[in-house]
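Enquirer: Sequence:
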Amino acid sequence: MGKYIAQRLAMMVVVVFGISFIVFTIMNLTPGNAAYLILGQSASPEQVAKLEAELGLNDPFFVRYFDYIINMLQGNFGESYNTGLPVFQEIFARFPATLKLSTVAMFFAALIGIPVGVISAVRQYSFTDAVSTTMALLFASIPSFVMGLVLMLVFSLHLRWLPATGLDGIENYILPAITLSMATMATLVRMTRSTMLEVLKQDYIRTARAKGVDEKTVILKHSLRNALLPIVTVIGVDFGYLLGGTVVIESVFSINGLGTLLITGIRMKDTPTVMAAIMFVTLAYSLVNLAVDIVYAFIDPRIKSQYERG
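3 is the number of the first residue of the sequence shown in this note's numbering; add one for each residue after it.
By construction, these hints were calculated from the structure, which means they are not laboratory data.
Hints are not guaranteed to be accurate.
Stated by the list, open to error - Here are the in silico distance ranges between beta carbons for each label pair:
no., residue 1, residue 2, range
1, Phe23, Ile172, 36 to 46 Å
2, Leu101, Val18, 12 to 22 Å
3, Thr219, Phe94, 42 to 52 Å
4, Arg162, Thr85, 30 to 40 Å
Where a beta carbon is used, it is the ideal one built from N, C-alpha and C, also for glycine.
Model the full structure from these sequences, guided by the hints.
Expert: Structure (structure tokens):
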């Protein structure tokens, strides 16, 4: 198991360096001049040229990239072109809001999606199954920003039950978390239903029922546990996606999180901020996937034995 984790960590380093090169290249190829955006339209050409020299924007591409990598290995991720602050200071200030929102959204999705999927599989072709499947397809099809705006209109503007913007209190998390959780909830309903249907057809389930095992035990202990692997995979992948994919929702609900920082950095061509934010999300996503693989070993002993033999 330890060897497997070490291999995954080594692969993670390769992924981070690969992502850094791709993002640095994209930021270099996008139109716009960071010095001009910082100084504004009233800046003279001399002022723009001076700031370009200070920021090293006149150096060749590979010189700037390798300088960035060397500084990164020394723990220096640079300072924001926009604010002049160390980029990780801003990331750590905004990431807690994104992490809390993603965690609450995933909690909602798992709390509703998994039980509904189990009930839908146990009552296959029933009215409950038809309704849950239809609603899952509907929620998966609606864009998140549309769902967010609809929820704001209904619960904030008309009913005035919940606040529409910010994350000042617990009630502020409800609308953005529900909006974020809809697509993941729909995926969990469909995944849980399909895996449960497959497991329920296995011989050992029929044997357990023939031996007189309680139906609740058959569903929860024998069926659901063996159907958990793909469900855990969906939870891990979608949670990693939520950590970096809350950009639209944070914009809709005016949340000062990592997504808004990334959007501002892209608009201002703030390369250090964009680089650090994307690599931070990449690292978080990789760690979540590593945690999912480790959880596999506790769910299915066969996988743990494969890790030990490997």
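Enquirer: Hint compliance check: list the failing hint numbers for this structure, sorted ascending.
Expert: none
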